[in-house]
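K.L.:
As a plain string of letters, each chain reads:
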Amino acid sequence: MLDQILCIDDDPITLMLCKKVIIRSSFSNEIITSQNGEEALNFFNTIKYTNNKNKPITQPQLIFLDLNMPVMGGWEFLDYFNSTEFEEFNTIKVVVLTSTIDPEDLEKSKKYPMVIDFLSKPISQSMLEYLKDKLK
Amino acid sequence: MKSKTNQVIIIYILIAMFVAIVSHKLVQQYVSDENIHFYTFIKDILFVLFTGIIFKLILSKNDDRNVAIFEKLKNTNDEIKESNEKYDIVAKATSDTIWDWKIQEDSFSWNKGIESVFGYKEEEVDDNSNWWFDKIHPEDSIKMSIRLYSFIEQKTENWQDQYRFRCADNSYKYVLDKGFLLKDATGKAVRMIGAIQDITKQKEEEQRLKLLETVITQSKDSIIITEADSSDAKIPNIIYVNPAFSIMSGYEAVEIIGKSPDLFNSPNSDSNELKKLLTAIKNKEECLIETISYTKNKEEYYVRLSMIPIYNLDNELSHWISIQRDITDEKKQEREKEQLIRELTQNNKDLKQFSYITSHNLRAPLSNLIGLLNLLEDIPIENQELKEILSGFNKSTHLLNDTINDLVKVIVIKDNPSIKKEAVLIKEIFENIFSQLSFQIELHKPIIKFDFEKVFIININKAYIESILLNLLTNAIKYKSENRKLKITITTHEIDDTVVLVFKDNGIGIDLVRNRDKVFGLYQRFHNYPDSKGLGLYLVKSQVETMGGTIEIESEVNKGTTFTLTFKNRQ
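Line order of the protein sequences matches chains R and Z.
If you're matching positions, the first sequence starts at 39 in the numbering used here and goes up one per residue.
If you're matching positions, the second sequence starts at -5 in the numbering used here and goes up one per residue.
Hints were generated in silico from the structure; no laboratory data involved.
Glycine included, C-beta positions come from ideal geometry on N, C-alpha and C.
Among the hints, a few may not be true.
As the list claims (entries may be wrong) - The calculated SDA-like cross-link candidates involving lysine to any residue, where the alpha carbons are at most 25 Å apart (straight line), are:
1. R:Lys58 <-> Z:Phe102
2. Z:Lys456 <-> R:Asp143
3. Z:Lys75 <-> Z:Phe102
4. R:Lys58 <-> Z:Ile375
5. Z:Lys389 <-> R:Met165
Claimed, not checked - Covered stretches of chain R (chain Z as the covering partner; in silico rule of three or more C-beta atoms under 8 Å from a C-beta of chain Z):
6. 72 to 83
7. 114 to 124
8. 146 to 157
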């Protein structure tokens, strides 16, 4: 079981669904959510700058990322997240979870080293079983 | 000669008589009888000598005269002979046919040309002028005879005429006839001599050239002929322009001949194209360019121009010909077409994007619904009515999901014209499909017969062929006849370098008489089955065609359906 995962999606129902399915399949202890890329980056910045004071804060081990979001979409988030600014988080793996069907999106996602999979919504227990295997 | 001889004899007789009489008188007067014999003898001797001398004088004088006459005659004879020879040679050399017409007697004679040129044998030729007139083409004879008689009546100076003359084989030859008159002392025309020249070849050549010339004069394309030499890398001087050029450029022939056509150098001309033209001229090579040119009135037009070097028999460049066409309209249409294609491409791109966004926006909430329904499965529900409602909700949601997934497949296929192909074992494909359909196969237990002996490997996109065969198999099961056990036969064979896959069932069939053109259409349904969306065969056809294949259907209601799929087996 993972300790913490981050779900980034603008749709509250999707987030609710994520939480419920993840809890049911005991995929992770803790589930953090962000409504868009910017919120997620802020979250990581907080970790980054509070890190030194106390003992290390737990980092999410996996990110579920939607692509189409207002304010900051998935691609922009990945661009920032892939930059040197967030170097210390580059071991965190990302799963793109989307309802897009554009084949170009799949190709594009392969350019980011941290993206380990490109999955179609909705999140399901079998999907999580599959990811568990993959992350072993 | 004879009169001269008589004259000489008479003179001699007269002189001899005179001498005889004078000597007789002298003998009578001066000579005695005893001396008579002696004197007679002397007289005879003197007589003979005297007459002999006179004879000698007369004859030698005559002789001289005769020699002179003979010389003169001989010279005349030589001249005549030479003249005859010359005539023969000339007649032969010109191959002219000579005729001689004594006008008053209407006696007409021909030389050998009448046979060698026109084919008439000697016995076929009459010796009067009617025979001649008779052979002249009816269309030419009136004009010709008017001119001829006005010449004979000496109203005109010269006579020469062209007409068609009928040959022995009834064909006509074009001839040029030239003649002159011989007049008597009173100046009256008595004889006419003429020479006929066969000009059929020249006439035919002339007509052929006239015909060829019409190509240039009547052509809608401009044609220019220029000199061979060009100086200072310019277009050589023009020696001819056809009327179409004047219409196109506005320049009359007289304005432009002798000048270098600098027409193709306007401010908006394509300088690269002009360079190409000048280089070709320098290298004496053919070339084709398109550029903007100016008319005389400074109006722009787009011209397609070819420049072709022409070589003479000695293989030297003799001149250039240039053919030009005003392609302004063509260019305009081309530009409009390009614009249209750009717009269409953009529209297409926009539509594609629109379909992706739409599908995304449809799929996002739908996936939530599916996810939520999945969660419901594990929660026990006591209320029976709620259970029924949720079950209906579940079914509808999944049907909507299937529909959208199918549509999405169509969009992706349409957007992906070139796809990866690989060698695939046909048996393997079916194994995959059967595992996906194991539930239905277990339920209906169809008899499925394979024959992949002839072709067992196919060069194809694996995902597509799986989807195609899955669709066909699902259809076969879905539309099986209730009265008999479902039987499916799948075979492959090869025709040239194409692989043919035949998929045959004994199901309820489709009424092709009514529906042939709709079978593979989008949202076409032929049976009122609840889970039929009218997408399967559309998808199948799209996938087959994306891989460069074809699909055909044969079907009979209540007997069964046969699909024939054809794929190119080479890359």
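K.L.:
Evaluate each hint against the coordinates.
P.N.:
Comparing the hints with the structure gives:
no.: 1; hint: R:Lys58 <-> Z:Phe102; in the structure: 132 Å, violated
no.: 2; hint: Z:Lys456 <-> R:Asp143; in the structure: 22 Å, holds
no.: 3; hint: Z:Lys75 <-> Z:Phe102; in the structure: 23 Å, holds
no.: 4; hint: R:Lys58 <-> Z:Ile375; in the structure: 18 Å, holds
no.: 5; hint: Z:Lys389 <-> R:Met165; in the structure: 22 Å, holds
no.: 6; hint: 72 to 83; in the structure: violated (count 0)
no.: 7; hint: 114 to 124; in the structure: violated (count 0)
no.: 8; hint: 146 to 157; in the structure: violated (count 0)
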